[in-house]
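Please model the entire structure based on the sequences and the hints provided.
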Amino acid sequence: MTAARLFPAQEIGSLPKPGWRVKALADRPVTAADVEDARAWAKRTGVPNDTLHPLVETLRKGSGFTGREKEAIIDAGAVFGIRYLESAGLDIVYDGEQRRSEMYQHPIERSDGFRFYGHVRSWDYKYYKRAGAVSEPRFREAYHLDELAFVSKHARADPKVPITGAFTLSDWSYNEHFLARKTDRSREARLEANRELTLAIARNVIRPNIEALVRAGAKRVQIDEPALTTKPAEVPFAVQAFNESVRGLTGRFSLHICFSDYAKLYPHVLDLRNCAEYALEYANRDSREPGTTAEKRPGYAQLSLLGEHGDPRDIGLGVLDVHSDFIEPPELVRDRILYAVDVLGDPKRVIVNPDCGLRTRSLEVAYAKLQNLVKGAELARAAL
Amino acid sequence: MPKPVRLGLTGIHPRSEAFIQVSRDFDRGRATKQDLEAALSREVADVVRLQGDLKFDAVTDGLYRFQDLFRPFSERAKGLTVGALTRWFDNNTFYKQPVVSAAPQFDGKAIAPYAPSGTPPAGAGWKAVLPGPVTFARLAEDRYFKDEEKLVLSLASDVLNPAVRELARQGFRFVQLNEPAIVTSAAEDFGFLNEAIEAVFAGVSGPETAVHTFFGDATPYLEGLFGLEVDFVGFDLLETPGAALREFGGVEQGIIAGVVDGRNSFLEDPRDVAKTARELYDLAGDPGLVLAPNTDLEFLPLDLATRKVERLAEAREALLTEVRA
Chain U
1 MTAARLFPAQ EIGSLPKPGW RVKALADRPV TAADVEDARA WAKRTGVPND
51 TLHPLVETLR KGSGFTGREK EAIIDAGAVF GIRYLESAGL DIVYDGEQRR
101 SEMYQHPIER SDGFRFYGHV RSWDYKYYKR AGAVSEPRFR EAYHLDELAF
151 VSKHARADPK VPITGAFTLS DWSYNEHFLA RKTDRSREAR LEANRELTLA
201 IARNVIRPNI EALVRAGAKR VQIDEPALTT KPAEVPFAVQ AFNESVRGLT
251 GRFSLHICFS DYAKLYPHVL DLRNCAEYAL EYANRDSREP GTTAEKRPGY
301 AQLSLLGEHG DPRDIGLGVL DVHSDFIEPP ELVRDRILYA VDVLGDPKRV
351 IVNPDCGLRT RSLEVAYAKL QNLVKGAELA RAAL
Chain C
1 MPKPVRLGLT GIHPRSEAFI QVSRDFDRGR ATKQDLEAAL SREVADVVRL
51 QGDLKFDAVT DGLYRFQDLF RPFSERAKGL TVGALTRWFD NNTFYKQPVV
101 SAAPQFDGKA IAPYAPSGTP PAGAGWKAVL PGPVTFARLA EDRYFKDEEK
151 LVLSLASDVL NPAVRELARQ GFRFVQLNEP AIVTSAAEDF GFLNEAIEAV
201 FAGVSGPETA VHTFFGDATP YLEGLFGLEV DFVGFDLLET PGAALREFGG
251 VEQGIIAGVV DGRNSFLEDP RDVAKTAREL YDLAGDPGLV LAPNTDLEFL
301 PLDLATRKVE RLAEAREALL TEVRA
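Chains U and C supply the protein sequences, listed in that same order.
For the first sequence, the numbering used here gives the first residue as 1, with consecutive numbering after it.
For the second sequence, the numbering used here gives the first residue as 1, with consecutive numbering after it.
Since the hints were derived computationally from the structure, they do not count as laboratory data.
Hints should not be assumed to be uniformly reliable.
Okay, derived cross-link-like pairs now, DSBU-like style, lysine-lysine, Cα gap no bigger than 30 Å in a straight line [unchecked claim]: (1) C:Lys3 to U:Lys126; (2) U:Lys61 to U:Lys182; (3) U:Lys296 to C:Lys55; (4) U:Lys219 to U:Lys375; (5) U:Lys23 to U:Lys61; (6) U:Lys17 to C:Lys33; (7) C:Lys78 to C:Lys146; (8) C:Lys96 to C:Lys150; (9) C:Lys146 to C:Lys109; (10) U:Lys126 to U:Lys264; (11) U:Lys153 to U:Lys43; (12) U:Lys153 to U:Lys219; (13) U:Lys296 to C:Lys96; (14) U:Lys126 to U:Lys153; (15) U:Lys153 to U:Lys348; (16) U:Lys70 to U:Lys23; (17) C:Lys3 to C:Lys33; (18) U:Lys264 to C:Lys146; (19) C:Lys55 to C:Lys3; (20) U:Lys129 to U:Lys182; (21) C:Lys96 to U:Lys17; (22) C:Lys275 to C:Lys55; (23) U:Lys129 to U:Lys17; (24) U:Lys126 to C:Lys33; (25) U:Lys23 to U:Lys153; (26) C:Lys275 to U:Lys182; (27) U:Lys129 to C:Lys146; (28) U:Lys129 to C:Lys3; (29) U:Lys231 to C:Lys146; (30) U:Lys61 to U:Lys43; (31) U:Lys23 to C:Lys33; (32) C:Lys78 to C:Lys109; (33) C:Lys96 to U:Lys231; (34) C:Lys3 to U:Lys264; (35) C:Lys96 to U:Lys126; (36) U:Lys126 to C:Lys275; (37) U:Lys129 to U:Lys264.
A short list of chain C residues far from chain U (calculated; beta carbon distances all over 12 Å) [claimed, not checked]: (38) Pro4; (39) Asp46; (40) Ala84.
Positions of the beta carbon are idealized from the N, C-alpha and C atoms, including for glycine.
What follows is the structure, given as structure tokens:
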């Protein structure tokens, strides 16, 4: 069920948030330059006037935005995100996660059974707010429904909902509830406690959320599991959690993993059910030299794992490095795609995307990268 | 005469919410370098005070100036550069991979900006925590030697030794090498590990020395670890069963007992901690026992970490009461 043409281009998740949106929400002054920035991007990406004009009127206030005004600014940010991706030429879009704080905090804040303790460092001056799982995880609300309704109303391209998976939510939480039930803290006891927490989140939180999305019309859902290979011994129950999350549901479900050794996924991922696609990071580890030989494409060496294990799934091929301002030339994107086609043996199995969310790049850099991704896919189609 | 029972921190300490805000502001250009430095000084003062109040014998500065365990060296050593963002073992915490592209060389004085200065709390000395040479080598990207043994020995002699010599010159009381890679990726050859550890501490007198392991079960490596020429060997007792150490028997070195979990919010009962420590007390050699978190505490928010450190001190009191009885 990929889009009609070969090598459809999709986003993976987060985009940088515009300065005016960040400042307004953080109660910091919005300047005339911020307003001009909104105008310039609106012109570039085709944001409609019925979004831009009320936004500019609101932003001109500069500070002291009311709750209702902030809601309108968030909505406008989502329209900007959608149009940004569509005008870059993507076939499958979302809103750049403009409504979400962060991929862990957002769902945990909207589920029961967790207690936030404070921030911990991810690296350097980057942090995330970390919670303990203090009781049985429970569904409180379908936390992506508003987004989906909004995107469905405003998007012209196919929407795809990214949702953080159960394993990652479990791995990034302190497991208190299930560990407290164990008689010791042995490795085996901790493993079992983690399995119980992961499956409880899948059953009680993620599945009801995905059911709600499917009921509301979602056709594509991407389950984000950046933590999946962190602990190889836990991959089998991460697979169980995915299956529990989507079992029997209708739609195209994909699994996004990044910055990982994908060899650790096998053979366990062969047991995934109702998973049509892996969206994986490769560009980060690749050379920037053009070429379609294995020597020129070292970052894509692990593509061969699919063939070695007889894994028939499609690949969301990461062709943009999200941690670098290097703008991949279309020819490099083309060669990465053609190499993947050669390894997988079927061009219909290749969807193209950035390695991960582009939130750490500037709007300017991310846009140039996405435009070249689309041009590279066109070149690859022409080459075939 | 009972053996000493001391307290120690294992590595990088968590940052306060106040510092986190300043550092985020700095990162986004909304705070100055001076703001950051002032906030950093407050963090250091707080963690030093905490250790002083709890009667730590060797006190760290929380390693607040280390963005990761390797950064002072990958930023300052010749032949090394700061590389790609990489996962720190099986944590949702990342380090920047040191890239070795020429023969490494470190001027020992370059460690000064990263190390504590001034007067430690009354009765205490400064403690330094540095990467062990095996962990350093295994987590680096080697574009120069393309030979693990050569890289390990060069990092030991040309990078870590000059730093340790400088710390010794400054009067540091305790120097600990963190070596998680020994127990997580298997140290097949303790011959060159021993040589490397000796090279790190060559020509150094004064500070007590330690190699601490964590994130993995050290049981298969006990003989090699206790063969190292250091005063203390450390274990993550969540991963390494106490029974394995008891079975190994008494040793000459002191033992760093990683008895509180730096990766879970669950607060340990000091009586349970004391009970675990009691079993190791008899095994330890004359240097005695250091009760410590199994890992760096930076995987926890500061408030939880502080409570864990306080429980460590309570456990020591309970253990000392029992030993004296």
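Consistency of the hints with the structure:
| no. | hint | in the structure |
| --- | --- | --- |
| 1 | C:Lys3 to U:Lys126 | violated (42 Å) |
| 2 | U:Lys61 to U:Lys182 | violated (57 Å) |
| 3 | U:Lys296 to C:Lys55 | violated (58 Å) |
| 4 | U:Lys219 to U:Lys375 | holds (26 Å) |
| 5 | U:Lys23 to U:Lys61 | holds (12 Å) |
| 6 | U:Lys17 to C:Lys33 | holds (25 Å) |
| 7 | C:Lys78 to C:Lys146 | holds (17 Å) |
| 8 | C:Lys96 to C:Lys150 | holds (22 Å) |
| 9 | C:Lys146 to C:Lys109 | holds (28 Å) |
| 10 | U:Lys126 to U:Lys264 | holds (27 Å) |
| 11 | U:Lys153 to U:Lys43 | holds (21 Å) |
| 12 | U:Lys153 to U:Lys219 | holds (14 Å) |
| 13 | U:Lys296 to C:Lys96 | holds (25 Å) |
| 14 | U:Lys126 to U:Lys153 | violated (34 Å) |
| 15 | U:Lys153 to U:Lys348 | holds (29 Å) |
| 16 | U:Lys70 to U:Lys23 | holds (11 Å) |
| 17 | C:Lys3 to C:Lys33 | violated (46 Å) |
| 18 | U:Lys264 to C:Lys146 | holds (25 Å) |
| 19 | C:Lys55 to C:Lys3 | holds (16 Å) |
| 20 | U:Lys129 to U:Lys182 | holds (26 Å) |
| 21 | C:Lys96 to U:Lys17 | holds (25 Å) |
| 22 | C:Lys275 to C:Lys55 | holds (21 Å) |
| 23 | U:Lys129 to U:Lys17 | holds (19 Å) |
| 24 | U:Lys126 to C:Lys33 | holds (17 Å) |
| 25 | U:Lys23 to U:Lys153 | holds (26 Å) |
| 26 | C:Lys275 to U:Lys182 | holds (19 Å) |
| 27 | U:Lys129 to C:Lys146 | violated (39 Å) |
| 28 | U:Lys129 to C:Lys3 | violated (41 Å) |
| 29 | U:Lys231 to C:Lys146 | holds (28 Å) |
| 30 | U:Lys61 to U:Lys43 | holds (21 Å) |
| 31 | U:Lys23 to C:Lys33 | holds (22 Å) |
| 32 | C:Lys78 to C:Lys109 | holds (13 Å) |
| 33 | C:Lys96 to U:Lys231 | holds (20 Å) |
| 34 | C:Lys3 to U:Lys264 | violated (46 Å) |
| 35 | C:Lys96 to U:Lys126 | holds (13 Å) |
| 36 | U:Lys126 to C:Lys275 | violated (38 Å) |
| 37 | U:Lys129 to U:Lys264 | holds (28 Å) |
| 38 | Pro4 | holds (27 Å) |
| 39 | Asp46 | holds (15 Å) |
| 40 | Ala84 | violated (8 Å) |
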